[in-house]
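K.L.:
One-letter residues, chain by chain:
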Amino acid sequence: MKIPIWLGQIALLLTFLGLWEIVASIEIISPVLLPRFSQTIISISGVVASGELNYHLLITMEELLSSFLIAAVFGIGAGFLIASTKLLRETLEPILLLLFAIPIAVVYPLIAVWFGLGVESKILFGSIYGFFPIATNTIAGVRSTNKSLMKMSKSMGASSTRIFTSIIFPSATPTLITGLRSGLNLAFIGIIFGEMFASLGGLGFLINSSSQVLDSAKVFGLIGIGLLVIVIANLAFNRLEIRSSRWRGEL
Amino acid sequence: MRGRTLLTEPAIELRNLKKSYPVGNDGTIEVVRDVSLRVGARELVSLLGPSGCGKSTILAIVAGLTSPTGGEVRVNGDRVEGPRPTEITIVFQEPNLLPWRRADQNVRYGLELRGVDPKVMNGLVKKYLNLVGLQGFEKYYPSQLSGGMAQRVALARALALETSIVLLDEPFGALDENTRSILGDELLRIKSFTEKTMLFVTHSIEEALHLSDRVLILSARPARVKDDIRINLETPRTVELRWSPEFQEYKVRIWQSLKDELERDVPEPVANR
Ligand SMILES: Nc1ncnc2c1ncn2[C@@H]1O[C@H](COP(=O)(O)OP(=O)(O)OP(=O)(O)O)[C@@H](O)[C@H]1O
Ligand SMILES: [Mg+2]
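Protein chains in written order, with this note's numbering: chain F, 40 to 290; chain L, 774 to 1046.
With the Cβ distance kept under 8 Å, some of the chain L side facing chain F (calculated, not the full set):
hint, residue
1, Ala836
2, Leu838
3, Pro856
4, Ile863
5, Asn869
6, Gly883
7, Leu886
8, Arg887
9, Ser916
10, Leu934
Chain F stretches covered by chain L per the calculated footprint, using a threshold of three residues with CB under 8 Å from any CB of chain L:
hint, segment
11, 179-193
12, 200-209
In the SDA-like style, the derived pairs of lysine to any residue whose C-alpha atoms are separated by at most 20 Å in a straight line are:
hint, chain 1, residue 1, chain 2, residue 2
13, F, Lys190, L, Arg857
14, F, Lys186, L, Pro795
15, F, Lys125, F, Ser183
16, F, Lys186, L, Ser829
17, L, Lys1032, L, Glu1022
18, L, Lys964, L, Arg811
19, F, Lys125, L, Val796
20, L, Lys912, L, Met922
21, L, Lys964, L, Asp986
22, F, Lys186, L, Trp873
23, L, Lys964, L, Arg815
24, F, Lys186, L, Thr839
25, F, Lys186, L, Val796
26, L, Lys912, F, Ser284
27, F, Lys186, L, Pro872
28, L, Lys1024, L, Asn1005
29, F, Lys190, L, Glu885
30, F, Lys125, L, Tyr794
31, F, Lys125, L, Asp799
32, F, Lys186, F, Phe208
33, L, Lys912, L, Trp873
34, L, Lys791, L, Ser824
35, L, Lys791, L, Ser829
To be clear, the hints were calculated from the coordinates, so they are not data collected in a lab.
All of these numbers come straight from a predicted model, not from anything done at the bench.
Don't be surprised by glycine CBs; every beta carbon is placed ideally from N, CA and C.
Okay, chain F solo, but in the shape it has when bound (with noise of 0.2 Å):
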């Protein structure tokens, strides 16, 4: 019998969180660099249980679908529109790719100055980290159309509309979702980035402010609780993904 694949995945984070309580509990290293896995969930409980927890993960997912939204409409638009024709592709793509190089953590400091604290300097911050991947991932895509495929469709009369809806997005589908992925997880990095920079609130604030008072147990149990989100949108998009390509595998 074939043992699932999650219940190793399980397995194996259960014997991580085990070594961790182990390693902890022995205390080789100081408590206040490693607490122990279950001080870690009795400080989360507490930072739930009074609804702390609660203000700063909303805005932070505030923060974080707002960015995703505009990242994917400029990213897709700007990609579709940059790869339709061979000059923009050509005068803008080697740009985009030198920009997405840029940390562009630099310029946070300026949107912190121009946006202030709230949550506007994040969602920008939040939505230029999102739009390179999804954008280049979308040029990537139409890139990887069939050229046959649309002389084939030309020849049965179809119009460069339905080209584009019946042959060049569909095509460019998978590369695109893997875009929207990145670019949601590097959304995400910027945004708690940008909290822990400068802001009033949000998961990277509450963060920010815990390990200032050296409070290891909550910093602990606060980027488990990042993690979760991370990995809870990432499940989403496998979803998608198999959805998307389910024509290339089995029945």
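Chain F is fixed; fit chain L with the ligands onto it per the hints.
P.N.:
For chain L with the ligands alone, coordinates are given in the frame of chain F:
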């Protein structure tokens, strides 16, 4: 011939067709040089020529997908300036199926583009999938079909449009000998009750002889029509016919004509000074 064309237009007519492609920054490659030919209504004409001589290029021009650099193409008397999906369909060298659509949805594709009523569409899809022997495989994705089955879906997709002219670019080229001859017979059967005009590209002499009313031999690139051979073999052509003396005579004749072209050195692409 000349007298008859006054009464009935040829279905396809190429007049002094020329085609060069640009290569690199300032070069060109001459692919088709002065090809003239006619295909009468309900005729099946094969184009036979060495690989790379310009057969696919000629078909793409007739289909209105590529414009010639000189000369003209007429279809049912009209000058071809773009695709004419109600008159011509083309079956390409590769199946070109949409990988995210199941077999039946692929056959639907051309009909959807045409805006056919969904009920009629379902009937046509079923009819042509059955015709190419794919009943039971409607729900398969292209990735789940064999090469021969994929090519059949492509054939069904083209035939479902029920155009009077069908261009076929080595549609069975990638298949084994047996599947190929079965599909060839299938094609003849379909042709016998649909009154279609077909221009068929192949590199198999036997296939050309088995299917065609006329065989045109093309020269090595740049393509010219070197020979125009009418095949007066009995119809329907049985497999046994292949061992008959007449068949062998045609075969030798075509082979001799083709051999020189297979051996000829083709010119390199030239730079425009
Ligand atoms: N878009 C293009 N740009 C430049 N050269 C091209 C282009 N399309 C075809 N050619 C050239 O034209 C020549 C003829 O190509 P074509 O595909 O028409 O040959 P073919 O007779 O169909 O060959 P095969 O039997 O191998 O399919 C080849 O030398 C090819 O390199
Ligand atoms: Mg070819």
